[in-house]
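Engineer: Read top to bottom, the protein sequences are chains A and B. Whatever position you read off the first sequence (first residue = 1), add 193 for the working numbering. Whatever position you read off the second sequence (first residue = 1), add 193 for the working numbering.
No lab work stands behind these hints, which were simulated from the structure alone. Bear in mind the structure is a predicted one, so any value in this text is a computation, not a measurement. Among the clues, some could well be false.
Identical copies look the same in the list; a pair holds intra-copy or inter-copy alike.
[Stated by the list, open to error] Calculated lysine-lysine pairs in the DSS-like style (CA-CA distance at most 30 Å, straight line): (1) 297 / 437; (2) 292 / 397; (3) 203 / 437; (4) 262 / 228; (5) 262 / 292; (6) 437 / 227; (7) 452 / 297; (8) 206 / 221.
2 protein chains.
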Amino acid sequence: MMTELQSFIKTYKDMVESVMVDEIDRLKAPLSLKKSMHYSLTAGGKRIRPILMLAVMSAFGADCSKGVKAAAAIEMVHTYSLIHDDLPSMDDDDLRRGKPTNHKVYGEALAILAGDALLTHSFYLLSTSPFTDRQKLELISSLSLRAGAEGMVGGQVADIEGENTQLTADELESIHLRKTGLLLQFSVSAGSIMSGVTEEQQRKLEDYALHIGLAFQIRDDVLDVEGNEIEIGKPVGSDESRNKSTYPALLGMQGAKEKLSQHLHLAKAALEDLPLQNNLLHELADMVVNRTS
Amino acid sequence: MMTELQSFIKTYKDMVESVMVDEIDRLKAPLSLKKSMHYSLTAGGKRIRPILMLAVMSAFGADCSKGVKAAAAIEMVHTYSLIHDDLPSMDDDDLRRGKPTNHKVYGEALAILAGDALLTHSFYLLSTSPFTDRQKLELISSLSLRAGAEGMVGGQVADIEGENTQLTADELESIHLRKTGLLLQFSVSAGSIMSGVTEEQQRKLEDYALHIGLAFQIRDDVLDVEGNEIEIGKPVGSDESRNKSTYPALLGMQGAKEKLSQHLHLAKAALEDLPLQNNLLHELADMVVNRTS
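So here's chain A without its partners, still in its complex pose:
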């Protein structure tokens, strides 16, 4: 039997993926660019950001189908960030989710431009999503802040500069917060904006997202040491070989796992007083902590 979350994911993952593919197909753009954008958008992935966004809407009784365009937008931003992070001048990764990275297939120029186009198109999707003008502008300013210099891009810079350096746990957390946490937080904020929740409820949901995000990253680091190469889609131990600071390296494997369960606890605690109509957000938190890929 499927859990509530599994059947929710089954429905909305397909819906978000087909909106993304339709958007790219419709573009009047050079075929090579469309192929490069399409390749990375359909290269798999858990679609955790779209699912999180739509799960918030579902938990507050909003119409999830209205949120699919914004969900596609956040996945495009995430995908652009992966394409650029994988470039030779950045993390120089050849594989992503077990497949050759974008620049390995299409070359660096197209990889950079596909990323640029995905980022740009995400703002188009938000500006034309089926919400009030006020809501759309909130989505756009919130995304542009969290994805930009103060957020994800700044986190990537700090991450690169932190390589071959012994970071403290606080520094590591600050990098992850910006690199992945803020975009997960945007997913939850966007779900809140599209559901019309109160500001206090939105703050609690953002707190939930903060802990989910940190748990997500710790789980990533743990999987990099303990995971199955085929399941995680990249060589086990690749962080260590690149001299990246990780939670297991800083806190020991036992310490990292304790921190992981603390964040799970805090994420669920943030949900306590919210009038949720289902269990999706709790199940999502468990999924992040227990995933094997």
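Given the structure of chain A, go ahead and fit chain B onto it with the hints provided.
Structural biologist: Quick look at chain B alone, frame taken from chain A:
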């Protein structure tokens, strides 16, 4: 004595530049990223897109000072596109406006990320500019369409794919339209949106922008052959040495210059029935055609 346009440029160029610098200074982001963004934003340039945008507002009697934030946004988008175009995997340029290109100073990773951050921040600026929600959304969707896969990014892909290929004059025009024309058109559209002009007036202004954009590119090609290396800030003849299709190569120098004056004529013709309050847009057209750098 300064012309009307010269004194307009003197006032608003400084204003736009100081808004851009303030925006970067205020960012809570890694210093290296801010320096890299700052470097390219302040590396000179004619600021033709901001000036065009604000000149439309002035010509329709709107308050230009309200448009400065949007003008800074378009210049950030233009700057991001230059940084990415100059990268080794794209045009591989070492010099831009006589100074080392961004990646030569800060390295490829920071150059890519500074571009990403500038693009992202431009949407933040538009979403927080002092206009109605409807106007801001129009600015955002218009920019995201023209700067993305169907516009500027697609044009850059077509440009790269057209190197070492004998393009027809139509193909060359289609590339330039996307690569530079649509962003100039956005400048004019944005100025129209912010001035609240009618749709018919906006269409005429966009027609004006189309011809200005093509004239701009032909002038660039002519300068690449006839220009003064110090004034244009890059080696004369660099297009030819890179096997790029250019107007002088396709049409001969005389043919290119005739096409240039045709576009000047058509740009001015598009302005004919508009209730303009000053001569700025006519003077701008002349400036594009006669510039020596």
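Engineer: Each of the hints needs a verdict: does it hold here or not?
Structural biologist: Hint by hint, here is what the structure shows:
1. For a Cα distance limit of 30 Å, the shortest separation of residue 297 from residue 437 qualifies both inside one copy, at 23 Å, and across copies, at 26 Å.
2. Proximity of residue 292 and residue 397 under a CA criterion of 30 Å is satisfied in neither setting, with 37 Å inside one chain copy and 49 Å between copies.
3. Taking identical chains as interchangeable, the C-alpha atoms of residue 203 and residue 437 are never at most 30 Å apart, the minima being 35 Å within one chain and 49 Å between chains.
4. For the identical chains of this complex, residue 262 and residue 228 are intra-copy neighbours only, at 20 Å inside a copy versus 35 Å across copies, given an alpha-carbon limit of 30 Å.
5. Taking the shortest alpha-carbon separations for residue 262 and residue 292, only the intra-copy value of 26 Å comes in at or below 30 Å, while the best inter-copy value is 42 Å.
6. Taking the shortest alpha-carbon separations for residue 437 and residue 227, only the inter-copy value of 24 Å comes in at or below 30 Å, while the best intra-copy value is 33 Å.
7. When the C-alpha separation of residue 452 and residue 297 is checked against a cutoff of 30 Å, the pair qualifies neither within a copy, at 36 Å, nor between copies, at 41 Å.
8. In this assembly of identical chains, the alpha carbons of residue 206 and residue 221 lie at most 30 Å apart only when taken from the same copy (26 Å versus 34 Å across copies).
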